[in-house]
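Novice: Next come the chains, spelled out residue by residue.
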Amino acid sequence: MGIDFLPDKPIYQQLIDRIMGDIIRGMLKPGEKLLSVRDYAIEAGVNANTMQRVYKELEQMEITETKRGQGSFVTEDVEKIALLRNEMREQLVTSFIQNVEALGFSKDEMVLYLQEWGEEK
Amino acid sequence: MIELNNVSKKYGGQQALEGLTLMLPLGKIIGLVGENGSGKTTLLKLVAGLLTPDSGSATFSGSRITRRVAASVAYMPDADLFYPYFTVGQLFDFYESQFVDFDLIKAKEIAQFVNISLDSKIKNLSKGNRGRVKIAVTLGREADYYLLDEPFSGLDPMVRDDIAKGLIRYTDTERQTVFMSTHELKEVEPLLDEIVVLRGGRVIAHEAVDEIRDTYGKDATSWMVSLFREGS
Numbered sequence: 000m001g002i003d004f005l006p007d008k009p010i011y012q013q014l015i016d017r018i019m020g021d022i023i024r025g026m027l028k029p030g031e032k033l034l035s036v037r038d039y040a041i042e043a044g045v046n047a048n049t050m051q052r053v054y055k056e057l058e059q060m061e062i063t064e065t066k067r068g069q070g071s072f073v074t075e076d077v078e079k080i081a082l083l084r085n086e087m088r089e090q091l092v093t094s095f096i097q098n099v100e101a102l103g104f105s106k107d108e109m110v111l112y113l114q115e116w117g118e119e120k
Numbered sequence: 000m001i002e003l004n005n006v007s008k009k010y011g012g013q014q015a016l017e018g019l020t021l022m023l024p025l026g027k028i029i030g031l032v033g034e035n036g037s038g039k040t041t042l043l044k045l046v047a048g049l050l051t052p053d054s055g056s057a058t059f060s061g062s063r064i065t066r067r068v069a070a071s072v073a074y075m076p077d078a079d080l081f082y083p084y085f086t087v088g089q090l091f092d093f094y095e096s097q098f099v100d101f102d103l104i105k106a107k108e109i110a111q112f113v114n115i116s117l118d119s120k121i122k123n124l125s126k127g128n129r130g131r132v133k134i135a136v137t138l139g140r141e142a143d144y145y146l147l148d149e150p151f152s153g154l155d156p157m158v159r160d161d162i163a164k165g166l167i168r169y170t171d172t173e174r175q176t177v178f179m180s181t182h183e184l185k186e187v188e189p190l191l192d193e194i195v196v197l198r199g200g201r202v203i204a205h206e207a208v209d210e211i212r213d214t215y216g217k218d219a220t221s222w223m224v225s226l227f228r229e230g231s
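So the sequence lines, in the order shown, correspond to chains A and B.
Residue 0 is where the first sequence starts when you use numbering that gives the first Met the number 0, and the numbers rise one by one after that.
Residue 0 is where the second sequence starts when you use numbering that gives the first Met the number 0, and the numbers rise one by one after that.
So that you can see chain A by itself, here it is in the shape it has in the complex (with noise of 0.2 Å):
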């Protein structure tokens, strides 16, 4: 039913995640309006409660503003956009170098596999 998630991480965190993701790929535009709070939950299949949850989170980081009687829309300063972009890009890299480091391999060799990689492809 609706979104398969990872067992090891909270619903609602799951959730915020794929929004944050939605906006910073684009496929939520700055300023674009979100579904209802029950449509979305609808289509992830998820508690009502949880989806009201996602929503304020996403409305105290900023990330979202809700107009009253419009609902929610995606901030239209595409700074803070661009700020969670990096913000994102930073995790993304600590955990991947925690893994690489806790494997013992070397930064540099990943660099240069990372590079050998992306030509392969």
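To be clear, the hints were calculated from the coordinates, so they are not data collected in a lab.
Some hints could be false.
Below, computed lysine to aspartate or glutamate pairings styled on EDC-like, alpha-carbon distance capped at 16 Å [unchecked claim]:
1. A/Lys55 - B/Glu173
2. B/Lys164 - A/Asp38
3. A/Lys8 - B/Asp192
4. A/Lys28 - A/Glu64
5. A/Lys8 - B/Glu173
6. A/Lys28 - A/Glu42
7. B/Lys164 - A/Glu42
8. B/Lys185 - A/Asp3
9. B/Lys185 - B/Glu34
10. B/Lys217 - A/Asp3
Since the structure of chain A is provided, determine the placement of chain B on it from the hints.
Specialist: Structure of chain B alone, referenced to chain A:
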């Protein structure tokens, strides 16, 4: 709010519930899980006012639960409940005559949402479509509590999906509570706020789904499995 305090109940010659204590606040979707024979159906029937405790207390808004609680609590049994010669529309009319809170317009909307024609005769419907009709008449009521006994069991994925979406669409999690027993925890988990685990007629755990994932770093199914391993 529904509150059960130290409730015991013998049912069918067996001790079905034993000193069970549980609070069901309004505004939540709560899953009820546990092995066969752990007391799930007895618990649901007791909350619905169909059974009375042998000892302990069961209250709704502070008053003792009796059969009259049915005015505020919509109970959907596991079994087929229908009058085979009715059409879906006639069944809705019947429900409207029986329950003050039955909203015919809402029920018809739900029927449409889950793709059921009002003109179909119940006896000609497939098992899946009877499952859809059951959820439509149950959610067609504007109850405070919806008690669902295994709403997904034995139904194919399409039907389960329709029922799940119907639940999200047609219940108001700000003021209504859904309390449902299920064996399909993995599939149902995203729908739930809280999980109640029964074992041997007692509540051995009652937790928020997000808390389980936050605290233990695993989904509800793995959490439940480890709970049972530790307990045995």
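Novice: Take the hints in turn and mark each one as holding or not.
Specialist: Outcome of the hint check:
This hinted pair checks out: lysine 55 of chain A and glutamate 173 of chain B have alpha carbons roughly 15 Å apart, not beyond 16 Å. The straight-line distance between the Cα atoms of lysine 164 of chain B and aspartate 38 of chain A is roughly 10 Å, inside the 16 Å bound, and the hint therefore holds. Of the supplied pair hints, the one linking lysine 8 of chain A and aspartate 192 of chain B holds, its CA atoms being roughly 15 Å apart against a limit of 16 Å. Note on lysine 28 of chain A and glutamate 64 of chain A: the hinted pairing holds, with a Cα-Cα distance of about 13 Å set against a maximum of 16 Å.
In summary, the hint linking lysine 8 of chain A to glutamate 173 of chain B is not supported, as the alpha carbons are separated by about 25 Å, beyond the 16 Å threshold. Among the hinted pairs, lysine 28 of chain A with glutamate 42 of chain A is inconsistent with the structure: their alpha-carbon atoms are about 19 Å apart, more than 16 Å. Proximity of lysine 164 of chain B to glutamate 42 of chain A is assessed by CA-CA distance (about 8 Å); at most 16 Å being required, the pair is judged to hold. Straight-line distance between C-alpha atoms of lysine 185 of chain B and aspartate 3 of chain A comes to about 10 Å, which keeps the hinted pair within the 16 Å bound.
Only pairs whose Cα atoms come within 16 Å are accepted, and lysine 185 of chain B paired with glutamate 34 of chain B is accepted, the gap being roughly 15 Å. Note on lysine 217 of chain B and aspartate 3 of chain A: the hinted pairing holds, with a Cα-Cα distance of about 15 Å set against a maximum of 16 Å.
When held up to the earlier numbered hints, the structure conflicts with 5, 6 and fits the remainder.
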